[in-house]
Structures are given as structure tokens and as C-alpha cells.
Amino acid sequence: MTTLREPFATRGFCHEAFFYSGSSELVPAVEGFVREGVSVGDKVLVVLSRAKTDLLRTVLGDEADRVAFADMDVVGANPARIIPLWRSFIDVLTPGEGARGVGEPVTASRPPAELAECQVHEVLLNIAFAQTTGFWLLCPYDTTELADEVLEEARHSHAYVGSRNHGPSANRHYLAGVSSRSRINQRLADPPVRAEHITADLKSIGAVRKVIRERAIAFGLGAFAVEDFVAATHEVVVNSVAHGCGRGEVSIWAEDDRLICEVRGEGRLDDPLVGRRQPAVDSEHGRGLWMANQLCDLVQIRSVPDGTVVRLHMRRQP
Amino acid sequence: MHRPQRDMQLGAKAGLLSSSPPPDQAGSRAGPDCEGPRSARRRPRGRLFSRSAARASSATSARPGTDRLGRESIGKVGMDEALQVHLEQSGDVPVVRVVGEVDLATAPGLRDRLAEVPAGARKVVVDLSAVTFLDSSGLSVLVATWKRFCGAGPDSCLRLVVTRPAIQRVLEVTGLAHVFVVFPTVEQAVQG
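So the sequence lines, in the order shown, correspond to chains A and B. Residue numbers for the first sequence follow numbering that gives the first Met the number 0, beginning at 0 and rising by one. Residue numbers for the second sequence follow numbering that gives the first Met the number 0, beginning at 0 and rising by one.
Hints are computed from structural coordinates only; laboratory data are not their basis. Don't take every hint at face value.
[Stated by the list, open to error] Sample of chain A residues lacking proximity to chain B, with all beta carbon distances greater than 10 angstroms (derived):
| id | residue |
| --- | --- |
| 1 | G11 |
| 2 | E30 |
| 3 | D70 |
| 4 | F128 |
| 5 | E151 |
| 6 | H165 |
| 7 | D255 |
| 8 | R314 |
[Unchecked claim] Reference listing, derived: stretches of chain A covered by chain B, where coverage requires no fewer than 3 residues with Cβ under 8 angstroms from a Cβ of chain B:
| id | stretch |
| --- | --- |
| 9 | 14 to 24 |
| 10 | 204 to 217 |
| 11 | 289 to 301 |
[Stated by the list, open to error] Stretch by stretch, here's where chain A covers chain B in the computed footprint (C-beta under 8 angstroms, at least three residues):
| id | stretch |
| --- | --- |
| 12 | 80 to 91 |
| 13 | 125 to 137 |
| 14 | 165 to 174 |
From the three backbone atoms N, C-alpha and C, an ideal C-beta is built for every residue, glycine too.
Isolated chain A, as found in the complex:
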């Protein structure tokens, strides 16, 4: 695997889409990337499915001790949790220390809503680490499993592309700036006709919470999941009531194994990374969307002409 020849300091954030054909091609490539990083003194964090990290640990042998690992199915189930993970990794580097990451959020097993949020996440990485230098993040995409349009989207969201035989090169299909921001706002399909609707205002916040709890119990969420879902949806309803003209339009419905609550309000969110930054412990506000992202299986945020839509998903365990 070829490497970047220039020193990291001049490279900034190297966000590479790495196209591979099957695990047998991925593991040696990542192994090479990791070993090289360790040899030049970079900090390395690998975030893949457990099966792939297990294979990687085996081939790395003792060198696996010099590398941090995380299970993408755990830390990245809700893709909004991935950027904070990289942020905490980068924040502990010493000046001049390089960082390498491997993160595969997009796999064929992701249902459509999760895939959409993975794609939003990839674009947001470019915003989150725009000022970061010396960070090389490899995002593997399996060409044998993923649809063409998914691979195409990856070409739009990564400034560099690479493959087994082809080291990272600047990617002319990369869409930076305005066009990338419009892609983080792709419209969500309307709630189904069967959805239940409630209008929340300051007086009815507690009553709305009670309804959501009843629906969550009836849907079959476990006891802890019920409380997590109630807490998360409440935070979003509060945001809407507090910042969006005193009301929020709440919709609830089930889709397969997921209970979904959407809150539509007139407040606007200007920060595309909202909910993806761990609030400072001494902060006296601004925790609601962070909490929602920690508590729910998926949170989708979209700006719309007259405000903001937040959609929260909670999966029922089999």
C-alpha cells in the first residue's frame, strides 16, 4: 500500500475513501496502514465490526497492543456518536503527533435510515476536522456489497480515494462547501398516514411525555429503552417549545422493529454538528440533542424552510 509522502503537517485532514473487494483484501490493507502508522509514531484507532477487528488483531500480533480498537456496531450504531469518538481521540494528541484512524460506518447491513445518517456523518467529518492537521482517516467501502449509488456518494464526500493498488490520491469527484451542506439536509419521507399526531406546548409537555411512554411500552420496548426514549424525545420537544414559538408538532409511529418519534418545530439549528459535541461538564445549557444521540438508536436532524425536524428511532430488541 502506498503512503502519503508529504509530512502530515502540510496535509491537514486526509479523509480517504478506501474501496476494497471483500475482507480478504481489507485486512492486509488495514494491517499495512496500521503498521506504518505505528512505525512513524502515529496514534492509531481502528473502528470496525468486531469480526474484522478480531481478524486484524490476529495478524497484527504484538503490535495490536500499540493500537486502540472500537467496535463500530457498538459505538457507531447511531452514526452521530462517531464524530465525538474521533474528537476525543484527536484531542489527546500532543503537538506534532500524527493520528491515523480506520472507520467503516457504511456496510450493507445498515437499513436505509441508518445508511442515510452514515452518509450525513461522512460529510460532517469534513466540517468537524476542517482545521485538524496530521489526521489520516481511512473509510473502507466494500465494492462487492455496496450499491453503486452508495459508492458514488462516498466519492462525493471524501477528498481522497484509494484502493489496494492505488494509494490515496486527490479525488476530483469530491464535493466541498455548499453542495455538501445541501446533502446533509436531504428531505426525510413524510410520516406514514397511520402516524399519531400531538401538538406540544409548554403546558402539555408532561402529558406528551406520558403518551410517548405509553406508546413505547405498548410497542414492546424494554424498560430501560422506554425511559431512554421518553427522555430523548422530551429533550427534543422541549427544544421545540423553548426555541420554536412555544410549540412542537409531535408524530409517533412504528416501522418494522423501530418506534419513531418526529418533532417538527419552528426553531432553526444553524450548527450542523449540533448534538455531536460532548457538552462541557460545567455548561448550564445545550445538552438536549447530545442526550438524544446517546440514548436513541438513531436521530435524524433536518432543517426545513419553516424550522427544524428531528426524528428519533428506538429499536425493539428481539
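We have chain A; now place chain B onto it with these hints.
Only chain B this time, still in chain A's reference frame:
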């Protein structure tokens, strides 16, 4: 006639619906145009809550005063009678016993009661074992209390008593479980 609860509710509402920049957003900007025309949007299919239901919850009056053990009770706060805050004392340690739901509507009441704990206390216990719900507004009140008594420092002067997993979870996902010192009982919080 003095109606402190009503004042607290009005104060809370006034603060929430102001046009000042919402704290949840980065940067300062104008809030939404709440009086302007709304673009066409889906109408709700039906209202679950009638106006009469909203009217039915009544404002309650405070019953200040101390009982023979020196405990004060604020009585009931909020239109849903959702929160009670009792100021107690265990030796020289103030114990604030909170009962019910701490959310956007009731958090200002909790804040006002916590403000009554004397400033010089070296150790303060906030008993959340009977709290059934705690949202980010409640966390903000706890953080403000921690800053007031502990100077936002790392020592363990603000102690929480937490028994319900849902409340512990809220503290953990926000990183605050490491900041506040959490105990399973009041006795341990006072002595630990």
C-alpha cells in the same frame, strides 16, 4: 395575596419564549419569526388533549413553614403538582430532598429552593432517590448548584443520592456522573 408559585411559572415562561438567542445553538442570531406567516405544513390529525384538560390542572398555593423537626416544605410546585422540594438538615449537612419530576416546567422551582441553602455549606446533599424524571433543565440547575457550592472544582462537595437507573443514565450519558459524586443512600452521602 402572595402567590410565589404563580410568579415562578410566569417567570419560567417569560424566559423561555423570549426572542434572545437560544442557548442550544452556536452563535447569536434572531429567533424564529413567531408572528410571521407559516408555510403550508401538515396539520395534526387530531388533538389528544382538549383545552378543558389543560384548564383542569390548578395552580396551588405555597404552604411555607417549618415542622417540629425543623424541616421546611415548599408544598407543591407547578401546575401538575409534579415536584416537591424539602430542605432538611443532617447534622451540619444540608439535605435537599426532591420528589417528583424535574423538567423544563419544574426546574426553576428547584433552582429557587436550592438557592435557599446557605452559601457557606462545605458539603451539600441533593437526594434524587424519589425523582422520577430528570431532564437537561434539571441538570443545568444541578450544575449551577455545583458551581455555587464547589466553585466548579473537582472536590466532592455536591453529593447526589440516586437510586433509579433512568436518573443514573442521564448523569452518565452527559458525563456528569463523574462530576457529581453519587451515593445510593442519604446516610452514605452525608458521611462519605
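Hints versus structure:
1. G11: Per Cβ check, A:G11 is outside 10 angstroms of chain B; nearest 22 angstroms; holds.
2. E30: holds, 34 angstroms
3. D70: holds, 18 angstroms
4. F128: holds, 17 angstroms
5. E151: holds, 31 angstroms
6. H165: holds, 39 angstroms
7. D255: About 22 angstroms separates A:D255 from the closest Cβ of chain B, which puts it past 10 angstroms; holds.
8. R314: holds, 17 angstroms
9. 14 to 24: violated (count 0)
10. 204 to 217: It holds: at least three residues are needed, and the stretch 204 to 217 of chain A offers 5 whose Cβ sits within less than 8 angstroms of chain B.
11. 289 to 301: This one holds; 4 residues, not fewer than the three required, reach chain B with a Cβ under 8 angstroms.
12. 80 to 91: Violated - the stretch 80 to 91 of chain B has 1 residues with a Cβ nearer than 8 angstroms to chain A, which falls short of three.
13. 125 to 137: The restraint on the stretch 125 to 137 of chain B holds, since 4 of its residues have a Cβ under 8 angstroms from chain A and three suffice.
14. 165 to 174: Contact hint for the stretch 165 to 174 of chain B vs chain A: holds, 6 residues under 8 angstroms.
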